[in-house]
Amino acid sequence: MVDLIYFSWIRERIGKSGESIETSATTVLELIEELKKKDIRYSEVFSDLGSFRVAINQELADFDASIVEATEIAFFPPMTGG
Amino acid sequence: MVDLIYFSWIRERIGKSGESIETSATTVLELIEELKKKDIRYSEVFSDLGSFRVAINQELADFDASIVEATEIAFFPPMTGG
Amino acid sequence: MRISVQNEFFDFSTEIKNFSATLENIGALVTFTGIVRGQKSQTLDYMVIEHYPGMTEKQIHLIVEEAFKRWKISDALVIHRYGKLDPGEPIMMVATAAEHRIEAFEAAEYLMDYLKSKAPFWKKEVLNGEENWVESASEDETALSRWQ
Amino acid sequence: MRISVQNEFFDFSTEIKNFSATLENIGALVTFTGIVRGQKSQTLDYMVIEHYPGMTEKQIHLIVEEAFKRWKISDALVIHRYGKLDPGEPIMMVATAAEHRIEAFEAAEYLMDYLKSKAPFWKKEVLNGEENWVESASEDETALSRWQ
Numbered sequence: 001m002v003d004l005i006y007f008s009w010i011r012e013r014i015g016k017s018g019e020s021i022e023t024s025a026t027t028v029l030e031l032i033e034e035l036k037k038k039d040i041r042y043s044e045v046f047s048d049l050g051s052f053r054v055a056i057n058q059e060l061a062d063f064d065a066s067i068v069e070a071t072e073i074a075f076f077p078p079m080t081g082g
Numbered sequence: 001m002v003d004l005i006y007f008s009w010i011r012e013r014i015g016k017s018g019e020s021i022e023t024s025a026t027t028v029l030e031l032i033e034e035l036k037k038k039d040i041r042y043s044e045v046f047s048d049l050g051s052f053r054v055a056i057n058q059e060l061a062d063f064d065a066s067i068v069e070a071t072e073i074a075f076f077p078p079m080t081g082g
Numbered sequence: 001m002r003i004s005v006q007n008e009f010f011d012f013s014t015e016i017k018n019f020s021a022t023l024e025n026i027g028a029l030v031t032f033t034g035i036v037r038g039q040k041s042q043t044l045d046y047m048v049i050e051h052y053p054g055m056t057e058k059q060i061h062l063i064v065e066e067a068f069k070r071w072k073i074s075d076a077l078v079i080h081r082y083g084k085l086d087p088g089e090p091i092m093m094v095a096t097a098a099e100h101r102i103e104a105f106e107a108a109e110y111l112m113d114y115l116k117s118k119a120p121f122w123k124k125e126v127l128n129g130e131e132n133w134v135e136s137a138s139e140d141e142t143a144l145s146r147w148q
Numbered sequence: 001m002r003i004s005v006q007n008e009f010f011d012f013s014t015e016i017k018n019f020s021a022t023l024e025n026i027g028a029l030v031t032f033t034g035i036v037r038g039q040k041s042q043t044l045d046y047m048v049i050e051h052y053p054g055m056t057e058k059q060i061h062l063i064v065e066e067a068f069k070r071w072k073i074s075d076a077l078v079i080h081r082y083g084k085l086d087p088g089e090p091i092m093m094v095a096t097a098a099e100h101r102i103e104a105f106e107a108a109e110y111l112m113d114y115l116k117s118k119a120p121f122w123k124k125e126v127l128n129g130e131e132n133w134v135e136s137a138s139e140d141e142t143a144l145s146r147w148q
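Protein chains in written order, with the numbering used here: chain Z, 1 to 82; chain V, 1 to 82; chain U, 1 to 148; chain A, 1 to 148.
Just chain Z, same shape as in the assembly (with noise of 0.2 Å):
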């Protein structure tokens, strides 16, 4: 099992904060692929891979990262604080 977190629009276009699932994936983009196939609103949020992060328990990574140890993974567009 490992939890998913969504942020800002993310959340929002997904309609949820976060969800546990079990996945095979041993990479986020192996993630990304297999949400995706979950619905419509997944295969359109996660579409361009331009448009958003990744944090794998709360550390950035790329999407090509391994989950293999992920207890926790957010997706989050392109940060805005400051």
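Because the hints were derived from the structure by calculation, they are not lab data. There could be a bad hint or two in this list.
To be verified - Straight-line alpha carbon distances no greater than 30 Å define the calculated BS3-like cross-link-like pairs of lysine-lysine that follow: (1) V:K16 / A:K72; (2) U:K72 / A:K58; (3) A:K84 / U:K40; (4) Z:K36 / U:K17; (5) Z:K16 / U:K124; (6) A:K72 / U:K118; (7) A:K72 / A:K58.
What the hints assert, rightly or not - Estimated spans, in silico, between C-beta atoms of each pair: (8) A:E66 / V:T27: 48 to 58 Å; (9) U:V134 / A:L23: 15 to 25 Å; (10) Z:D64 / U:M1: 25 to 35 Å; (11) U:E139 / Z:K16: 24 to 34 Å; (12) U:R146 / A:F9: 29 to 39 Å; (13) U:T14 / Z:D48: 38 to 48 Å.
Backbone N, C-alpha and C fix where the C-beta goes; we use that ideal spot for every residue, glycine too.
Since chain Z is already given, all that's left is putting chains V, U and A on it; use the hints.
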């Protein structure tokens, strides 16, 4: 008559904060040459043109600037504000 | 080093006073305060800032620690708010103290550049009743390149 | 715009508060405060700052006006002291307010660089009872080249 004003170590080495003089010099450089002839304190202070700066009527000026309109000429080391 | 991620309003002049009270033998103090602008192309009703609790604090710590490695600074402060913010309210501030001005300025700008693009905050503006997520400016990500 | 050349002590957090109280629709506020360092290679007894009354104010005005021409800033503050200053006391401060952070930072750094080398102040340090005029650092004059 023109007022000369000295600051920082120039004031200390000349031994006064200023003086009013009569001069026939038309540029800063000519004035410096005139002052250097006055006495050794002046010739020592003004020996190195790189070691001091000049302002004419309270505006920074070059050594070749005209002093014909000058009422106040100040000599001082490079500034150390801030 | 003090880092605070908070919903509460803060008074930046008081924060600057408190920050400076603990400093010894510094020659330079730089502060930056970010404030909610009420007039852009339209009138802003208010702003809402969302963040990633847990990760936010960790990420700011990493950014501040990197600033300490890169510059000889004596101390640093970062305050960043989340939640609903009205026009004129402070959003965030950084303060840096150092012996010399260049270090204090550069460290403060570094902190700002990284907080903009690498700390998990997302701003939503409500303009004339309409909600808009603020898009990240491409110049904010390119601003990072000067530190690399 | 407020410029003050003064002998009196100032509390920079109060000055920042007063400066910011008059600002409208700004997004960024940058402050720099310079402080007398008590420990350099030796212990500083105190510092004395000499200035050129009349020219100092004019020269700072020119520098601040140039900053207004170069950057879109809403307001600026410069306070610079002269006379005897003890370790830990504020020497001077600048504050800049703008819609955006880059303008506020750059204008503040510009003001600092020019105040260092183009405002008629001269610092004398008294170290273990011995007086020394502070020499201008060559990097201070070269710092100006980035604005030219």
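Now for the hints, and whether the structure bears them out:
At most 30 Å may separate the alpha-carbon atoms for a hinted pair to count; K16 of chain V and K72 of chain A exceed this at roughly 44 Å. Between the alpha carbons of K72 of chain U and K58 of chain A the distance comes to roughly 35 Å, so the proposed pair goes past 30 Å and is violated. Distance restraint check for K84 of chain A and K40 of chain U: the Cα-Cα separation of roughly 46 Å exceeds the 30 Å cut-off, and the hinted pair is therefore not satisfied. Proximity of K36 of chain Z to K17 of chain U is assessed by CA-CA distance (about 51 Å); at most 30 Å being required, the pair is judged violated.
A C-alpha spacing of about 17 Å is found between K16 of chain Z and K124 of chain U, which places the hinted pair at or below 30 Å, so the restraint holds. Under the criterion of a C-alpha separation no larger than 30 Å, the hint pairing K72 of chain A with K118 of chain U is consistent with the structure, at around 27 Å. Between the alpha carbons of K72 of chain A and K58 of chain A the distance comes to roughly 22 Å, so the proposed pair stays at or under 30 Å and holds. For the pair E66 of chain A and T27 of chain V, the supplied restraint of 48 to 58 Å is violated, since their beta-carbon distance comes to about 27 Å.
Restraint check, V134 of chain U to L23 of chain A: a C-beta distance of roughly 22 Å satisfies the suggested window 15 to 25 Å. Judged by the Cβ atoms, the range 25 to 35 Å given for D64 of chain Z and M1 of chain U holds: they are separated by roughly 33 Å. Under the hint 24 to 34 Å, the C-beta atoms of E139 of chain U and K16 of chain Z, about 33 Å apart, fit the expected range. At roughly 37 Å, the beta carbons of R146 of chain U and F9 of chain A sit within the given window of 29 to 39 Å.
Hint check: T14 of chain U to D48 of chain Z, Cβ distance near 44 Å, so the stated range 38 to 48 Å holds.
The structure is inconsistent with the numbered hints 1, 2, 3, 4 and 8, although it conforms to all the rest.
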